[in-house]
Structures are given as C-alpha cells and as structure tokens.
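J.: Sequences and hints are given; from them, build the entire structure.
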Amino acid sequence: QKEVEQDPGPLSVPEGAIVSLNCTYSNSAFQYFMWYRQYSRKGPELLMYTYSSGNKEDGRFTAQVDKSSKYISLFIRDSQPSDSATYLCAMSVTGDDKIIFGKGTRLHILP
Amino acid sequence: SQTIHQWPATLVQPVGSPLSLECTVEGTSNPNLYWYRQAAGRGLQLLFYSVGIGQISSEVPQNLSASRPQDRQFILSSKKLLLSDSGFYLCAWRGRFGSYGYTFGSGTRLTVV
Chain A
1 QKEVEQDPGP LSVPEGAIVS LNCTYSNSAF QYFMWYRQYS RKGPELLMYT YSSGNKEDGR
61 FTAQVDKSSK YISLFIRDSQ PSDSATYLCA MSVTGDDKII FGKGTRLHIL P
Chain B
1 SQTIHQWPAT LVQPVGSPLS LECTVEGTSN PNLYWYRQAA GRGLQLLFYS VGIGQISSEV
61 PQNLSASRPQ DRQFILSSKK LLLSDSGFYL CAWRGRFGSY GYTFGSGTRL TVV
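Chains A and B supply the protein sequences, listed in that same order.
Going by our numbering, the letters in the first sequence line up with residues 1 to 111, in that order.
Going by our numbering, the letters in the second sequence line up with residues 1 to 113, in that order.
Any given hint could turn out to be false.
[Stated by the list, open to error] Result set (BS3-like, lysine-lysine): computed pairs, CA atoms no more than 30 Å apart in a straight line:
{"#": "1", "chain 1": "A", "residue 1": "103", "chain 2": "A", "residue 2": "56"}
{"#": "2", "chain 1": "A", "residue 1": "56", "chain 2": "A", "residue 2": "70"}
{"#": "3", "chain 1": "A", "residue 1": "42", "chain 2": "A", "residue 2": "2"}
{"#": "4", "chain 1": "A", "residue 1": "42", "chain 2": "A", "residue 2": "56"}
{"#": "5", "chain 1": "A", "residue 1": "67", "chain 2": "A", "residue 2": "103"}
{"#": "6", "chain 1": "A", "residue 1": "98", "chain 2": "A", "residue 2": "56"}
{"#": "7", "chain 1": "A", "residue 1": "98", "chain 2": "B", "residue 2": "79"}
{"#": "8", "chain 1": "A", "residue 1": "67", "chain 2": "A", "residue 2": "98"}
{"#": "9", "chain 1": "A", "residue 1": "103", "chain 2": "A", "residue 2": "70"}
{"#": "10", "chain 1": "B", "residue 1": "80", "chain 2": "A", "residue 2": "42"}
{"#": "11", "chain 1": "A", "residue 1": "2", "chain 2": "A", "residue 2": "70"}
{"#": "12", "chain 1": "A", "residue 1": "98", "chain 2": "B", "residue 2": "80"}
{"#": "13", "chain 1": "A", "residue 1": "70", "chain 2": "A", "residue 2": "98"}
{"#": "14", "chain 1": "B", "residue 1": "79", "chain 2": "A", "residue 2": "56"}
{"#": "15", "chain 1": "B", "residue 1": "79", "chain 2": "A", "residue 2": "42"}
[Stated by the list, open to error] So, partial list: chain B residues that the calculated Cβ filter (under 10 Å) puts toward chain A:
{"#": "16", "residue": "42"}
{"#": "17", "residue": "51"}
{"#": "18", "residue": "109"}
{"#": "19", "residue": "111"}
[What the hints assert, rightly or not] Pairwise CB distance ranges, derived in the manner of DEER restraints:
{"#": "20", "chain 1": "B", "residue 1": "79", "chain 2": "A", "residue 2": "68", "range": "48 to 56 Å"}
{"#": "21", "chain 1": "B", "residue 1": "39", "chain 2": "A", "residue 2": "108", "range": "18 to 26 Å"}
{"#": "22", "chain 1": "B", "residue 1": "2", "chain 2": "A", "residue 2": "11", "range": "30 to 38 Å"}
Everything labelled a hint here was simulated from the structure, so no lab data went into it.
Glycine residues also receive a C-beta, built at the ideal position from the N, C-alpha and C atoms.
T.: In structure tokens:
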C-alpha cells in the first residue's frame with residue numbers, strides 16, 4: 001500500500017461547478033496536510049495547508065482533514081477555467097524534513 | 001522576501017554527456033533544500049535533500065549526484081546521462097522553523113536524446 005493515494009484523473013467539470021479532490025493515506029503519524037497546484041510546465045505552488053484535523057477555508061477553496069478515516073479533501077467552489085491545473089496533496093510528520101506527495105489529479109474546468 | 005532561482009528552464013543533452021543543474025535561494029538562511037524529478041504518471045520523486053552545507057541525503061540510487069557548496073546553493077549533477085534521466089527537475093526549499101510546505105523553483109525540463 002502506497003503512503004499517499006490520489007486519483008490521477010483527468011477530472012472534467014463545467015465552469016461554476018463545485019470540485020472535490022481527495023487523497024487517502026496510510027501513515028497515521030502525518031500531522032501536516034497540504035495542497036499544491038501545478039500549472040503545465042511550472043513548479044507546484046502551495047495552495048493550502050492544515051495542521052491535524054478540521055477544515056480550513058480560503059476564498060473559494062476549502063481543505064478538510066479527517067484523520068480518523070485517513071482522508072483529506074480539497075473543495076473548489078464556483079470553479080473557473082483558470083483553476084485548470086494538476087492538484088497534488090502532500091503531507092508530513094512533525095519534525096520530519098520530508099514531505100510525501102500524491103501523484104496529482106489533473107483538473108479541467110470547461111468554459 | 002524569499003525567492004528561488006533554477007536554471008536552465010529547458011535542456012536537451014545527448015546520452016553520455018554530463019549534467020549540471022543549479023538552484024539558488026535568496027532571502028533566507030540555512031534552508032532545507034530538495035531536488036525532485038517529475039515524470040508522467042509517476043508523480044514527484046524525491047532525489048536528494050540537504051539540511052546544511054555538505055550534507056546530502058540520497059533517496060534513490062541512480063547515476064545522479066548532488067552537492068551543496070554554499071548555504072543557499074544546491075547543484076544536481078551527472079557524469080553520464082542516460083535516456084531514463086529525461087524528466088522535469090524541480091528544486092525546492094523549506095524553512096527550518098514555523099514553515100509548513102516547500103517553495104518550488106520553476107523547474108528544468110531535461111530531454112536526453
């Protein structure tokens with residue numbers, strides 16, 4: 001079983017729809033959870049992070065962590081064509097120098 | 001503010017040729033530095049990371065090597081490139097305290113022909 005599992009997609013949704021992106025993980029020691037957005041031929045950029053369980057909202061983006069289920073989600077409301085990108089989940093253990101990434105989900109928002 | 005520079009943006013090299021990719025960070029001191037490779041369908045693969053000058057941890061055995069000659073400089077090298085070394089190479093840094101994620105450079109797309 002891989003440490004972090006993420007559906008590669010592609011996921012295509014119409015503009016304005018709510019998008020749900022998810023990852024599962026196996027290491028219960030993970031405490032920091034992150035979402036990165038990567039546009040084609042660019043480096044990933046940190047979109048959101050959360051510590052431990054709970055929700056975090058930033059504009060149209062909401063990150064959720066359910067540690068009991070080892071499941072994290074990123075919701076995008078009122079999706080825009082500019083949201084079309086690959087989204088990578090990532091997580092780490094407190095004090096560890098390394099971050100473990102999912103393989104990324106390709107998202108297409110259709111105008 | 002902190003910035004990370006990575007160059008070149010694209011590179012086409014023949015099999016058997018050497019490689020040197022450089023990454024520098026500005027606006028911070030004593031960062032953790034990382035080299036990743038991203039290939040289609042394989043996600044981000046951690047190659048090397050460094051927590052200080054001259055300290056290199058290798059994650060994947062291969063014909064690549066890394067060096068950190070200065071606090072904010074990280075170099076990825078190869079003596080002889082293989083076709084399988086083609087990919088998108090990303091440098092990243094992470095602060096020591098109170099920071100959560102990596103900041104990535106813009107990447108180098110390497111094609112070995």
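J.: Taking the earlier hints as the rules, which of them does this structure contradict?
T.: The structure breaks hints 14, 19; every other hint is satisfied.
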